[in-house]
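Chains as they are written, first to last, in this note's numbering: chain A, 1 to 220; chain B, 221 to 440; chain C, 441 to 702.
Since the hints were derived computationally from the structure, they do not count as laboratory data.
All C-beta atoms in this analysis are idealised placements derived from N, C-alpha and C, irrespective of residue type, glycine included.
Hints should not be assumed to be uniformly reliable.
Subject to a maximum C-alpha distance of 25 angstroms in a straight line, what follows is the list of computed PhoX-like cross-link-like pairs (lysine-lysine) [said to hold, decoys possible]: (1) A:Lys57 <-> B:Lys277; (2) A:Lys58 <-> B:Lys278; (3) C:Lys573 <-> A:Lys57; (4) B:Lys308 <-> A:Lys58; (5) A:Lys146 <-> A:Lys177; (6) C:Lys698 <-> A:Lys88; (7) B:Lys277 <-> A:Lys88; (8) C:Lys573 <-> A:Lys95; (9) A:Lys57 <-> B:Lys315; (10) C:Lys698 <-> C:Lys678; (11) C:Lys573 <-> A:Lys58.
Which chain A residues stay away from chain B? Per the calculated CB distances, all over 12 angstroms, these [unchecked claim]: (12) Asp132; (13) Phe142; (14) Gly150.
Each chain, written out:
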Amino acid sequence: MAEREAEESLFEAPPLAEQERMAEAILFASAEPVTVAELNARMPHGSDAAEALVHLKKRYEGRGVNLVRVGDAWALRTAPDLGFLMQKEVVETRKLSRAAIETLAIIAYHQPVTRAEIEEIRGVSVSRGTVDQLLELEWVRFGRRKMTPGRPVTYMVTDEFLDHFGLESARDLPGLKELRAAGLLDNRPPAGNLALGQGGAEDDDEDAEEAEDQGEMFGD
Amino acid sequence: MAEREAEESLFEAPPLAEQERMAEAILFASAEPVTVAELNARMPHGSDAAEALVHLKKRYEGRGVNLVRVGDAWALRTAPDLGFLMQKEVVETRKLSRAAIETLAIIAYHQPVTRAEIEEIRGVSVSRGTVDQLLELEWVRFGRRKMTPGRPVTYMVTDEFLDHFGLESARDLPGLKELRAAGLLDNRPPAGNLALGQGGAEDDDEDAEEAEDQGEMFGD
Amino acid sequence: MAEPNLDNVTSVDARRAAEALIVDVDGFEGPLDLLLTLSRTQKVDLRAISVLQLAEQYLGFIREAKTLRIELAADYLVMAAWLAFLKSRLLLPPDPADEGPSGEELAAHLAFQLERLQAMREQAAQLMARDQKGRDFFVCGVPEDVTRTRRITHTATLLDLMQAYSRIRTRDDFRPYTMDRDRVLTMEQALDRMRPLLGFAGDWTDLSSYLPEGWGDDPGMRRSATAATFAASLELAKEGRIEIRQAETYAPIQIRRKNADG
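If we strip away everything but chain A, and leave its shape as in the complex, we get (with noise of 0.2 angstroms):
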């Protein structure tokens, strides 16, 4: 026992204004949003990166840098008001296609949704490229697989796609509890046989089967 109390006095943690200094030198150096797991693992023995993190915050507060939460990680941003300054930094991005961003709103306020649900609430089949699009851009991923005949995959939003929106977690998205309580993300099913989307859909198949294929290799 007088044994153990030693080694933990020998291992004691950094007094907290320390931890807080290393918390911010880690999230400094790192484009991407690092977890407080992350940190408590890379910070020395017994430290409490939670903690830390909450007096860095207050730090960056109204400064020209923030730090940011992205789902259960953070990070340090520029103040999105000044971004009127950076146009040197600008990263040109391929403009999404109309439906691009309709499918992305679409994942993001109904997650975990499958291809037919989002062809249900557009009317239209959703094209491989459209998909395929978010997904490269990592704003998309698969999510498990209904527990509905045929077991779908399903389509979420990513912690990149949180990072590059400014959102904390996926139930901060605007307006999500309005549209919950107008019964807007309810699954009705069609009353009665109104199939939308499913004509001029040729290559649909082909689709659900590598979606199919992918889920596999993605899924739990």
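Based on these hints, arrange chains B and C on the given structure of chain A.
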């Protein structure tokens, strides 16, 4: 002159605190160090980047990230004393080599034992690397020198060794009789082992010499 | 140019709208999108929309397109057929024998779909209007990669240790592996023994008499020697050096030298 003043009041410079934020954001997002001239060019008209930098430098003093001068430009960099946080050590555990485990066994059963004695028992020279490895693992340490000609250094096992193998003392190692009872002494080695006693003794002398030197350094 | 035969319910506004839309038929992302666009001409909240009127508008649009010989994708026509069905449901008194959903239920669901699509469009627009990484806010310009250093540590178990020690301590007792087989006679050994003896084998002699000295007493050794000698005799027979015979099963096997001249 009057005209210039009028123009300046039209494009009044932002407050200094705001200029500091701007400089901070620009420096954070820039891949290269930024000169004062470039900062002034990017910040709103009338800003005084040099002045903003003075304040910014003070703000980051002693933090996990510092404002540093690089030539005639400025950059935000992680504090030099926290460099160790940017390294991740991956520990890989491998099985001890046959030579090392045999040497270790001899030291454990015969301690304190000289290198010459180990070699006599093993019937093969003991390489420098083998002993170094055991010393590094802190399973073996130097004992007192033998009072024989040449006063050779001896080797002993450490408390760390006992701890690792779950032994109270080296005397707790099972004796030959128990080894036999456990069927260990009847183990016939695979045919390949027989060549052991003969080959691979080229670097013998050099090895022995170096070990002697070390003994000198560590011995009592 | 023939005047399109629009239904009398259709307002002038809607007809004009349909005419304007028809030019841009490729611009619609399917029938639901077209319905949503048509619904705007009603200038009311989607919740208060008249589905009946919307159905008329849509059917008017399709008729117009047909008049202008514009090819429409199949799903537009499927929707037209469905809306015609819905229209009849809404206008005719309900058939008590029919178990399907009522016209009102079907209309309500269509209104829900339109409202939902509209909502998703608005959210999509809001999403894209948000501050975006790389456009409005930025990551650190000089991210430092975590350098991974690999450290190799070695380990062993007590059993490894004891096995190693026992290996060393018993090494002196070891005989070479082949020596271990001193109770086994190989065919090569039997051949070596038999070849020089063949000269004396002019007559039929029992194979057992060729066993080496001292191999006949111990049953194990005798078995090994017999097998080896028999195998050697087969080898010699193959070479044409000897002949082999056996009177009956389990009778002694006999050999004799085969003379070149018979």
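Results of checking the hints against the structure:
1. The hinted pair formed by lysine 57 (chain A) and lysine 277 (chain B) meets the criterion: a straight-line CA distance of about 19 angstroms does not exceed 25 angstroms.
2. The straight-line distance between the Cα atoms of lysine 58 (chain A) and lysine 278 (chain B) is roughly 18 angstroms, inside the 25 angstroms bound, and the hint therefore holds.
3. A threshold of 25 angstroms between alpha carbons decides the hint, and for lysine 573 (chain C) with lysine 57 (chain A) the separation of about 19 angstroms falls inside it, so the pair holds.
4. The hinted pair formed by lysine 308 (chain B) and lysine 58 (chain A) fails the criterion: a straight-line CA distance of about 28 angstroms is larger than 25 angstroms.
5. About 24 angstroms separates the Cα atoms of lysine 146 (chain A) and lysine 177 (chain A), which keeps this hinted pair within 25 angstroms; it holds.
6. Proposed proximity of lysine 698 (chain C) and lysine 88 (chain A) is contradicted: the alpha carbons are some 103 angstroms apart, above 25 angstroms.
7. This hinted pair checks out: lysine 277 (chain B) and lysine 88 (chain A) have alpha carbons roughly 23 angstroms apart, not beyond 25 angstroms.
8. Simply put, lysine 573 (chain C) and lysine 95 (chain A) have alpha-carbon atoms about 15 angstroms apart, close enough for the 25 angstroms limit, and the pair holds.
9. Note on lysine 57 (chain A) and lysine 315 (chain B): the hinted pairing is violated, with a Cα-Cα distance of about 46 angstroms set against a maximum of 25 angstroms.
10. Restraint check for lysine 698 (chain C) and lysine 678 (chain C): satisfied, since their Cα atoms lie roughly 11 angstroms apart, inside the 25 angstroms limit.
11. A threshold of 25 angstroms between alpha carbons decides the hint, and for lysine 573 (chain C) with lysine 58 (chain A) the separation of about 22 angstroms falls inside it, so the pair holds.
12. No beta-carbon of chain B comes within 12 angstroms of the beta-carbon of aspartate 132 (chain A); the shortest separation is about 30 angstroms.
13. No beta-carbon of chain B is positioned within 12 angstroms of the beta-carbon of phenylalanine 142 (chain A); the least distance is around 29 angstroms.
14. Non-interface call for glycine 150 (chain A) relative to chain B: holds, since the shortest CB-CB distance, roughly 42 angstroms, exceeds 12 angstroms.
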